[in-house]
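Colleague: Let's have the full structure, built from the sequences with the hints guiding it.
Read left to right, the sequence shown gives residues 1 to 334 (full-length UniProt numbering).
Because the hints were derived from the structure by calculation, they are not lab data. Remember, it's a predicted structure, so these values are computed and weren't measured experimentally. It cannot be assumed that every hint is accurate.
[To be verified] Label-pair restraints from in silico Cβ distances:
#1 203 to 6: 42 to 48 Å
#2 255 to 29: 20 to 26 Å
#3 318 to 281: 31 to 37 Å
#4 31 to 78: 29 to 35 Å
#5 333 to 7: 55 to 61 Å
Even glycine gets a Cβ: it sits at the ideal position worked out from N, Cα and C.
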Amino acid sequence: MTHAHDQIPLVAVGCGRIFEMAHVPALRESTDFEVTGLVDPSDERLALMRAEFPGAVRAARHLADLDVEGAVVLIAMPSTMRLEVAAAALKAGAAGLFVEKPLGHDAQTARRMRDLATSHRRPLLPVHNHLHEESFAQAVAMAGGGALGRISGIRLVHHMTEPFHGVWFEAPDWRIRSVMGCVDDLGYHGLYLAREIAGCPAEPVGPQPFVSLGRSGTVDEARIELGHHNGVRTTVEVSWTADRPLHELTITGAEGRVTARNDGTLVSSVRGHEQTYSLEAGLGPMYTKWYRYAADRLRQGTCDESLRVACEVSRTLDHLHGISRRAQEEQTNG
Numbered sequence: 001m002t003h004a005h006d007q008i009p010l011v012a013v014g015c016g017r018i019f020e021m022a023h024v025p026a027l028r029e030s031t032d033f034e035v036t037g038l039v040d041p042s043d044e045r046l047a048l049m050r051a052e053f054p055g056a057v058r059a060a061r062h063l064a065d066l067d068v069e070g071a072v073v074l075i076a077m078p079s080t081m082r083l084e085v086a087a088a089a090l091k092a093g094a095a096g097l098f099v100e101k102p103l104g105h106d107a108q109t110a111r112r113m114r115d116l117a118t119s120h121r122r123p124l125l126p127v128h129n130h131l132h133e134e135s136f137a138q139a140v141a142m143a144g145g146g147a148l149g150r151i152s153g154i155r156l157v158h159h160m161t162e163p164f165h166g167v168w169f170e171a172p173d174w175r176i177r178s179v180m181g182c183v184d185d186l187g188y189h190g191l192y193l194a195r196e197i198a199g200c201p202a203e204p205v206g207p208q209p210f211v212s213l214g215r216s217g218t219v220d221e222a223r224i225e226l227g228h229h230n231g232v233r234t235t236v237e238v239s240w241t242a243d244r245p246l247h248e249l250t251i252t253g254a255e256g257r258v259t260a261r262n263d264g265t266l267v268s269s270v271r272g273h274e275q276t277y278s279l280e281a282g283l284g285p286m287y288t289k290w291y292r293y294a295a296d297r298l299r300q301g302t303c304d305e306s307l308r309v310a311c312e313v314s315r316t317l318d319h320l321h322g323i324s325r326r327a328q329e330e331q332t333n334g
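Modeller: Here you go:
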């Protein structure tokens with residue numbers, strides 16, 4: 001099969017909310033990838049998403065019904081299903097895998113997926129999209145370039161206007177109808193961003209790294225505290241608000257501080273000199289940059305640390321799961 005301008009064929013497995021909101025706008029604009037197939041158990045979702053892409057896009061309810069040989073397979077199914085889909089795609093001859101985070105529902109699953117890709121000699125790229133949010137990327141670059149001096153603290157805040165939609169988790173825990181829902185999704189963002197900034201893994205601080213404030217049986221605000229091996233401290237906060245949603249990253253160093261928001265605002269204060277910038281923002285531009293980056297990785301045949309980081313983050317999430325479950329059991333038995 002030939003593709004215009006040497007575009008890379010891509011088959012998307014999972015046509016739900018994140019695919020529609022983030023991947024579709026980026027893939028429609030991409031000159032690097034051509035969507036050749038869609039897989040979803042819902043005929044309604046397939047018809048809706050197929051209309052987004054011109055040309056002969058094949059659609060099926062099961063991956064086995066499509067020929068994926070030589071195509072990159074994007075996996076945006078629930079985390080409990082991703083390993084099974086990855087194994088089937090690699091066995092069918094996929095040229096590589098793009099996997100929404102987290103790679104699986106626990107660290108063992110993430111490692112198994114990594115090992116599968118390695119054994120098939122195929123690239124596997126986790127979709128660590130916030131590294132390509134323009135304001136966040138600039139803040140991370142400032143920290144990495146030494147402009148802030150020695151980094152001492154990292155804080156990531158997520159203000160949400162609606163309850164977390166982690167429908168693939170098992171039972172109520174940290175957020176209603178989800179086990180560790182905002183930790184596994186929003187907390188994951190904080191962990192890989194912090195890993196990129198600090199340059200080493202993080203572990204929970206103390207026996208109880210969670211600070212939660214509840215109201216009417218739901219968690220309205222929660223905070224996770226973590227420490228990196230080099231002494232840098234990270235705080236990840238999740239809250240629900242009636243105001244607009246906001247993701248905000250603040251990096252503090254010996255020489256100054258930088259704050260980045262997902263509305264494109266970047267404020268830096270270094271050695272008493274403050275500057276404010278307004279940068280491109282939105283899910284579409286962020287994922288467009290990620291796909292450009294992913295295409296470069298595929299064509300160059302090079303890999304970065306993102307897969308190793310994904311496994312590290314999954315291990316930390318397992319630790320947090322254990323702490324949360326023990327606390328829940330103590331409360332139940334107390």
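Colleague: Against each hint, give a clear statement of whether it holds in the structure.
Modeller: Here is how each hint holds up against the structure:
1. 203 to 6: 42 to 48 Å: holds (44 Å)
2. 255 to 29: 20 to 26 Å: About 38 Å separates the Cβ atoms of residue 255 and residue 29, which means 20 to 26 Å is violated.
3. 318 to 281: 31 to 37 Å: holds (33 Å)
4. 31 to 78: 29 to 35 Å: holds (30 Å)
5. 333 to 7: 55 to 61 Å: Taking Cβ atoms as reference, residue 333 and residue 7 lie about 57 Å apart, which means the hint holds.
Hint 2 alone, counting from the list given before, is not met by this structure.
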